[in-house]
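Undergrad: This is what each chain is made of:
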Amino acid sequence: MSLKRGILWFILGFALILYALPVYVMIINGFKDASSVSLATMWQLPGRASLGGFTEAWAMLSPNLRNSLAMVIPAALLSSIIGALNGYVFSKWRFRGSEVLFALLLFGLFIPYQAILLPLVRFLQWINVYGTLPGLVLTHVVYGISVTTLIFRNFYVNIPGSIIEAATVDGAGMIETFWRVVLPLSLPAFAVTLIFQFTNIWNDFLFGITVVPNPKAQPVTIALNNLSGSFSVDWNVVMAGAVIAALPTALVYIGLGKFFVRGLVAGAIKA
Amino acid sequence: MVNPHWLARNKGLLILLPSLLLTAIFVYGFIGTSFFFSLTNWRTLAVDLSLRNPLWETYTDMLAMPRFQADLRNTLVFTVLFIGLAVGTGLGLAILLDRQIAGKGFFRSAFLFPYALSFIVTGVVWRWIFNPETGINLFFDILGINRVLESAGMSPLSPGWTTDPEVVLSVNQVLAHAWPGGATFQIEWGIPVALIPIAIAATWQLSGFVMAMYLGGLGGISKQVRDAARIDGAGEFRMYRSVIIPMLTPITISTAIILLHVSLKIFDLVFAMSGVGPGFATDVPAIFVFEMMFKAARYNLGAAASIVMLVASCLVIVPYLVHTFRSRET
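One line per chain: the protein sequences are A and B, in this order.
Its first residue numbered 1, the first sequence is counted upward by one per residue in our numbering.
Its first residue numbered 1001, the second sequence is counted upward by one per residue in our numbering.
Just chain B, same shape as in the assembly (with noise of 0.2 Å):
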């Protein structure tokens, strides 16, 4: 029998009991089910709960698949353009609307609109604007640049975007060198081509996003800082190359960290632009965890690859969170 009196005490637990008995179920307990059976052999639709041997020969299977190689390689190469295009381009625009201007208001949520819109609507659009056939490569006849190429003896211009399976700047050899795993790869560490309408795609949905976050950070720089950037000599540009940017470091820092967990899990604008692409060139692990779970019936391997996603996911923002808290009580 409960104390009355311990439960008067504790009405605020008792709110919280349910939400905390959900959490402990659908988020702790699914994760270390997810776990197990990454650990188990249930790779075929009969359940299979027994434990392999080897304990972690499901993880090391996975890391010795070529889909899987490019998979990860694919999430490295999309991070570093998407963040990079993102963070640039909405630095740029909260930039150019850091002023007294006629339809401000209008232009901002003009950008931030995309952001609004489901990935698989954006994606649906995408994969025609970045189909070779059609969308973008029109462009090149329309402005006459084919014309021109033609006229001087070379192939008219036509990008194969997502469709092309090509990987450049491969850096196997210097991997070979550097280590001697290196040479065992399968597959080519390079820039997969097809990834470049993907990161442009998402780009388009989220810079808008980057520049809302850096313009409330524009918002809480003084005129005073920039009266005595002014004072001190500075144009525009180096005002804002040399003060404001770098007081803008911890909004550049929060941003990059939230652009990766979206690049770290992305999953419906490639679904519906691409898909696994030519030769896995635009495979991403959530699109792995996806067919092995629901198509392939290989249900270890797909737990595995989501626990690889959940474990790159912490190492980015758990260090961040406890950077935010400590910084919060200091």
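Next up, chain A with everything else stripped away, as it sits in the complex (with noise of 0.2 Å):
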């Protein structure tokens, strides 16, 4: 029996080596200083560790990480608000007609972008907001509402028909219900929503890059790859700048990965 619990914890432990190759080769890069990183030795623990890379990763970076923010924040917000009002009419206050509808809705969650992105550009251009945060903004929680919106009607089918109905019978109507009675009840799935949105549009580069043309104005990611594809970048430079763009979403899944793992297969769908 301590043989086979011995080699399962020799499997498991070579794949966490494995699974892990990736992050060191990132992290161990990045505390490098321009002189001693080099490809060759790339496995290769730092001689001394620097925060040279991390500090120029830092300056270049910076102004995309702050683009980032101001992105999924008011965006992860906004759908989250969108999603619970929809997901709380098609659970509580469903009508006629009203399956359909959220079938529609539905489907943007399984479009391939691409079949949306010429006339969302000319869109954006017309509106006036191509090229800008809020045109990004924007596009992120339309294309959130139909995830967040199956995330809370998912999350609101569970919550007793009755407490709805005696909020009702004491003459509260749909919206007070829903600020009284619904919402307080709601934070749990406020937290995989957020948490949801708040990665994948971090995470983000198809819109990113199709949506702001202009380096100073774009999100992380798309600075990360231009740092990336740059010669005269050095590459501890590139690894550090890995790691920072990486750090938001990694702290997120550390710290609440509980939420995390219940976004998990509309995620994947979406990803």
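One or more hints might be untrue.
Claimed, not checked - Label-pair ranges, simulated between beta-carbon atoms: (1) PRO213(A) x ALA1102(B): 49 to 57 Å; (2) TYR24(A) x PRO1018(B): 44 to 52 Å; (3) SER232(A) x ARG1099(B): 18 to 26 Å.
No lab work stands behind these hints, which were simulated from the structure alone.
Each residue gets a CB set at the ideal place from its N, CA and C atoms; glycine is no exception.
Join the two chains, each given in its own frame, into one complex according to the hints.
TA: Rendered as structure tokens:
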């Protein structure tokens, strides 16, 4: 029995090392200085840890990090709020045809965004928000509605209808019931959608690169890709930049993994 | 004038209205517009919305392009490689963790971790891990494999990974025999070697997700089932192969469909790792669309390719949704 345990541990440990390799490469090379970083020694630990790569990467990426934050916070909040209201109606105030409307709304979850890209860009140009952060926020909110609505609807379905009825018998209207009764119960669902939207929008590349052509206004994922493609940037800076760009979602995952896992399935479809 | 009673009764609809309108424009309207663009003569910076004659010419032109043929081949090969690797790895990890073991939660979180990172972050790193001058190939020196090979008079091992233009196991001859049109392909139908590193990187990123799906399913299989299998004399291996894995079939199907959906529209990872690759060996439809729309100004061509992507996604997802919906009702 203990031999079997030993083998199991060995396999899991080996898998863990394989899984950690890319993260290892990112971190150790980020901590090398420009003189000691070389592709020939990419697997070796730095002789002396240096923050040079991080300082330089921070200087280059911090405006884009700010853009990412300014994009992701309003986009995640707005799409979650809209999703909560929609989910409430679709689960507790069904009407004739509401299931069909729900299905029509859900379709947005499955489309490859390439199929809307060109009209989207033209439309954003037409309403004068192309190339701007508000334009990007609008895009993320609109295409986030389907997933947040789905998560909230599935959450509200499990809230007993009697709670809603009790509130309406007391004379509370639809909105009042939502505000007073349903919303206070919704914190776990908000945690799921906020974390889900935060991760998804932070990690987005396609909308960032197509909706915002100006490098100064671009989110950090696009800036990192530009950094990596540039021959004049040292490799330790690129790796440090990768760590910096990954850190916000990594921290969210480490701190709030429980909620992250709950949004998993919906997330994979959208990824 | 709208009847106030109607409004009171349809407050729900009123709340949904903004979302419905936005979806009508941004999803359905834009898809329709993309489809319309794909039928027009708009193939330079100057907008030209006159319809092509014959109407479907952009599509036939596109299907005749060696590059687009390569994209279709690459999507097919990548999908098979990636789903095979990711489902196999994820199932393996889930089975390993399907028992009382110290550190289970830690392992589970560690294997799922890559899923929280962006494809760009990981693509930037994988690009160097699979660089022929460095990365994995250094291990062949470090581990002494190349020294052994050289002393045996063989050349050292140094695969070109994403820079390798080779297409192995070509089936063009077979296709030409099977079907008269098969001889007209301008590309090699086989496995582009350069796609293998990309499938490995994608597996690294998503196998933890597969594991989490399977662990969810394994948690739902009762102890009685396992005990019954053991009483019947099944060993650990037999029990999983003959009893548990068949019971997990619904999870295997949903997971494969989700992964299929990821692979049909894969963009960022390839973009960051290798771009179009040597001889379009790693080009995919999503990159084709991006370049036609935002670099080459061949708008109708980009729109046509995006519609092909949409149709492919729908062919995968619609039957699955209909099936899930029906089984939930009964």
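Undergrad: Look at each hint and say if it fits the structure.
TA: Hint by hint, here is what the structure shows:
1. PRO213(A) x ALA1102(B): 49 to 57 Å: 52 Å, holds
2. TYR24(A) x PRO1018(B): 44 to 52 Å: Since the Cβ atoms of TYR24(A) and PRO1018(B) sit about 47 Å apart, the hinted range of 44 to 52 Å holds.
3. SER232(A) x ARG1099(B): 18 to 26 Å: Hint violated: Cβ distance 52 Å, outside 18 to 26 Å.
Violated hint: 3 only; the structure is consistent with all others.
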